[in-house]
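Student: Chain by chain, the residues:
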Amino acid sequence: MSNTDKQFVTITINDKEIEAVPGSMLIDVADKSDIHIPRFCYHKKLSVAANCRMCLVDVEKAPKPLPACATPVNEGMVVWTKSERALTAQKDTMEFLLINHPLDCPICDQGGECELQDLSMEFGSGTSNFHEMKRVVVDKDIGELVATEMTRCIQCTRCVRFGEEIAGMREMGATGRGDRMEIGTFVEKSLDSEISGNIIDICPVGALTAKPSRYHSRAWEMMQTPSIASHDCVGSNVKLHTFKKKLVRVIAAENEDINECWISDRDRFSYQGVYADDRVEKPMIKYNGIWKEVDWSTALDRTVEKLTEVSAKDIAVLASARATLEELYLLQKSMRSIGVANIDHRLRQVDFNDQESSGAYPSLGMKIADIENLDSILLVGSNVRKEQPMINQRIRKAALNGAKIMCVNPLELDFNYDVDAQRVSNPVEMIKTLAIIAKASYILSKTEIPAGLNDLFTSVRLNKADKVFAENLIASKNSAVFLGSISMQHPGYSTLRALSKAIAGNTGSTLAYLSGASNSAGAWLAGVVPHQKEAGQKADIIGKNAGEMLSKTKKVYMLLDLELERDSDNPQQAKAAMNQADTIIAVTPYANKTLLSLADIILPSAAYAETSGTYVNAEGTWQSFKAAAKSYGEARPAWKILRVLGNKLDVKGFDYVSSKDVRNELQGLCENVNNENPVSVEGIYTKLDDVTSQSLYRIGNVGEFSGDSLVRRATALQKSNPEQNAVQLNAKQAALLGLKDLPTVDNEHAEKEVMVDVKQGEVVVSMPLLINDNIPDKCALLASGTKSSSLLGSAFGEIEITA
Amino acid sequence: MAATQTILTKHETDEIDMWLKRFPEDRGQSALLAALRAVMHEDHYLSTEKMDAVADYLGLSKIAVYEVASFYSMYELEEKAAAKNTIAVCTNISCMLNGSDNIVEHIEEKLGIKMGETTPDGEFFFKIEEECLAACCGAPMMQLNHVYHENLTPEKVDELLDGVRSKASLKNKEVS
Chain A
1 MSNTDKQFVT ITINDKEIEA VPGSMLIDVA DKSDIHIPRF CYHKKLSVAA
51 NCRMCLVDVE KAPKPLPACA TPVNEGMVVW TKSERALTAQ KDTMEFLLIN
101 HPLDCPICDQ GGECELQDLS MEFGSGTSNF HEMKRVVVDK DIGELVATEM
151 TRCIQCTRCV RFGEEIAGMR EMGATGRGDR MEIGTFVEKS LDSEISGNII
201 DICPVGALTA KPSRYHSRAW EMMQTPSIAS HDCVGSNVKL HTFKKKLVRV
251 IAAENEDINE CWISDRDRFS YQGVYADDRV EKPMIKYNGI WKEVDWSTAL
301 DRTVEKLTEV SAKDIAVLAS ARATLEELYL LQKSMRSIGV ANIDHRLRQV
351 DFNDQESSGA YPSLGMKIAD IENLDSILLV GSNVRKEQPM INQRIRKAAL
401 NGAKIMCVNP LELDFNYDVD AQRVSNPVEM IKTLAIIAKA SYILSKTEIP
451 AGLNDLFTSV RLNKADKVFA ENLIASKNSA VFLGSISMQH PGYSTLRALS
501 KAIAGNTGST LAYLSGASNS AGAWLAGVVP HQKEAGQKAD IIGKNAGEML
551 SKTKKVYMLL DLELERDSDN PQQAKAAMNQ ADTIIAVTPY ANKTLLSLAD
601 IILPSAAYAE TSGTYVNAEG TWQSFKAAAK SYGEARPAWK ILRVLGNKLD
651 VKGFDYVSSK DVRNELQGLC ENVNNENPVS VEGIYTKLDD VTSQSLYRIG
701 NVGEFSGDSL VRRATALQKS NPEQNAVQLN AKQAALLGLK DLPTVDNEHA
751 EKEVMVDVKQ GEVVVSMPLL INDNIPDKCA LLASGTKSSS LLGSAFGEIE
801 ITA
Chain B
1 MAATQTILTK HETDEIDMWL KRFPEDRGQS ALLAALRAVM HEDHYLSTEK
51 MDAVADYLGL SKIAVYEVAS FYSMYELEEK AAAKNTIAVC TNISCMLNGS
101 DNIVEHIEEK LGIKMGETTP DGEFFFKIEE ECLAACCGAP MMQLNHVYHE
151 NLTPEKVDEL LDGVRSKASL KNKEVS
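Residue numbers (the UniProt record's numbering), protein chains in the order written: chain A, 1 to 803; chain B, 1 to 176.
No wet-lab data here; the hints were simulated from the structure.
Bear in mind the structure is a predicted one, so any value in this text is a computation, not a measurement.
One should not assume that every hint holds.
What the hints assert, rightly or not - No farther apart than 25 Å at their CA atoms in a straight line, the calculated lysine to any residue pairs in the SDA-like style are these:
1) A:Lys189 <-> B:Ser94
2) A:Lys740 <-> B:Glu79
3) A:Lys140 <-> B:Glu49
4) B:Lys21 <-> A:Lys189
5) A:Lys140 <-> B:Thr48
6) A:Lys740 <-> B:Ile7
7) A:Lys140 <-> B:Asp52
Said to hold, decoys possible - If you want a taste of the chain A side facing chain B, the calculated C-beta under 10 Å gives, among others:
8) Met169
9) Met172
10) Arg180
11) Gln733
12) Ala735
Said to hold, decoys possible - Beta-carbon label-pair distances, calculated as ranges:
13) A:Gln224 <-> B:His11: 53 to 61 Å
14) A:Arg218 <-> B:Asp121: 52 to 60 Å
15) A:Glu19 <-> B:Met96: 57 to 65 Å
16) B:Asp121 <-> A:Glu113: 39 to 47 Å
17) B:Phe71 <-> A:Asp689: 53 to 61 Å
18) B:Phe71 <-> A:Tyr215: 58 to 66 Å
19) B:Glu49 <-> A:Asp689: 41 to 49 Å
20) B:Lys80 <-> A:Lys64: 44 to 52 Å
21) A:Asn774 <-> B:Glu49: 21 to 29 Å
22) A:Lys16 <-> B:Phe71: 23 to 31 Å
23) B:Lys80 <-> A:Lys91: 43 to 51 Å
24) B:Met96 <-> A:Asn774: 41 to 49 Å
25) A:Pro72 <-> B:His41: 53 to 61 Å
26) A:Lys464 <-> B:Glu49: 51 to 59 Å
Yeah, the Cβ is synthetic: ideal placement off N, Cα and C, and Gly gets one too.
Whole structure, please, built from the sequences with the hints as guidance.
Tutor: Written out as structure tokens, the structure reads:
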């Protein structure tokens, strides 16, 4: 039997016998046995570079010390990591590394958590043989998120390898040669990757640090609290760093099943929004148009009064899917107990026709980690890279493993992997495009087409090339159809969903929902949908959905952590509804001008990181977290506000002492919840009219950094993505407006800004125009959730643009 | 992989295409050195725009081109290098021992520029040559444009430089 056929080899490290997989690297084997070997360039998620030489160890019979990161283990290998030869090699390496490293630890943000500092304590010498001048590297500005101090760089190239291997776009590189080699972007440019912040975590020295938290506090002064990120359906594990009980920094925590060891820039830098200028300090009531600060009991009594003086039919309850499970459950339980049936969290959804066919909640239908084992993937209406960066990472891994990636979108999107088949058409045509693929799936799988789909299918023609989508899915053992946010915001969502179900069912694929926020699944489980109570049980009375609540005014609105003009599909309509309402009660950490003008009672709630709670991610994992930072002013965690409100409303069984009690109660109820997504299809509900020839159709999916109240207040993120505030057209379309030579989306430093007037409904808004040739004709990309779009109408609909 | 629109000249793209044929289809990076050489030949230096164009043409990330371009001393990244003639005097050990310092001094005096500078008339770029050019047996030596000249003396240098100076510029000098 040859060495490689064996399952295990036995090696000896520091006189300890260890079983190891043949071919694995010495450093991995040592790590697993808790034998620490110093290193800088080695990172378990990156390729082996073996360029820092810090991990040199003493291997028996080897003529010289070998780098543990690049030495595969062999049967009978004998290794010493602390022998004189090993230590001499490590100390010599350290002396070389320190030759050019500045002694600026006292002013370096990395000080106290620096791998170089730590290892120099262990292996460094008090004196150096190097008496010449240290080299200096001139810094380049690489954007709002990552601060550079490249003189500190020890050229481990982790950031370079991260860009190539993980982010899928090389932005950092090693330019120059020899002692003049520099790590950087060479030309001044902002990092574009949606996960660029991870280079801060992997940089072993202070060369790359977080710009927004620079010089705020020292590592040893901060408290670290594990928590869960709140901007996508993954629930990335993070560590919150607080200084004097204020949140100052967020870094990635490791969870191999969820986010491996990476987090998105959105999850890393959104914390800046916690301390926005418009945080509410005290409960407030508006008397005759004038806001007055009041105490909690006055505010809550007034809330009870307003909720009980009208019929429950006239109350609308709307909540954010970023609220915790506990908050959502208490809200639902208290409101349903006083007879309110109008309760929802799906504010960006337009088409609710098939809401009852969702199952307990729209789930991922598989584990996040299993995505990388898929052989073919069909993405339907999803800018997955920006919407769900961590899901995109798994899809990228699948793609690199040879999976076929296919997508149907209303615009051509940039992926950081090869896409095998892509169909781009305007949003309305997109339904037909998907219908063609669905039709092919029926034909190829020899399944009978349900009568309800006949009309749609006869209206489309199937070409040979269209079969590739269904063929790939059928030929794959593990395949999935993903429905993304663009689909969920789409006016024909139920049709897109029916077709996706059909494709999934016919091809034996998993149907996977990439639901928007961190707790979309939790909101369903907590019963914050009009047709379902907690744990997916049918509601006694089916209430109005979010769309209906905002298109027809109710008398009383109860809002949980929402800014309707930015969080709902149609800001104009939402504001009109609010204007006519008698009472608006807002439980919210923030009060912007719109809310102050519309609301009547404001109950200040704790913001992100200030409350304990639970998020349920798309795969159905419950992740609880503790509060890390002190609440602002008199703000209280929303679950406490709602508990007291429940007590005041005399709701039975509302004696919770901690958020854990609330969670345990709901978890007990959810024990038998099935997270499979039903795929049966009878037909379609929603038919859309074709786009009329003259107008432009808006593609208004949520911007990368405009999805919720926290990220919208994160200043560095906002500065790093100016494109999301612009309206984008292709060059041909712009030429029809008489505009030429315009700045494009990828040309960062466009000299001139061209403003155009965008009209939707009765409102005209002036905003910058960018050229993006990935957008189909007669369409305009105009993200929702942004400041300028908060004056406009529905995210998907007709708009006019004039130069 | 050829982009439909590029600022590369016909000569440059022809040259790159010729090299691309020699490598497997997905190995655009293999043609990078040759591609940059083609641009150097045309422009005498590599502008960021041209490097970006090469990156697009070969389907590489821009930084991958910058890395290679900044690594090799035969590529120049600054516009001042775009003179009609490039002089590179070796100052490594063998040449130094054989009097390369005098040669450098002579050229600096003759042209009125320091190493690393370009004459105001754009005729000569005097490169800081940091590498041994592998002609130690003929030290001191210099590379004038693409040609090696060995066993240099100030007189020989004069002859060589005057020989390449373009006729137009000589004419200008006579007039002035």
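Student: Taking the numbered hints from earlier one at a time, note which ones the structure violates and give those numbers from smallest to largest.
Tutor: 1, 2, 4, 11, 12, 16, 18, 22, 24, 25, 26
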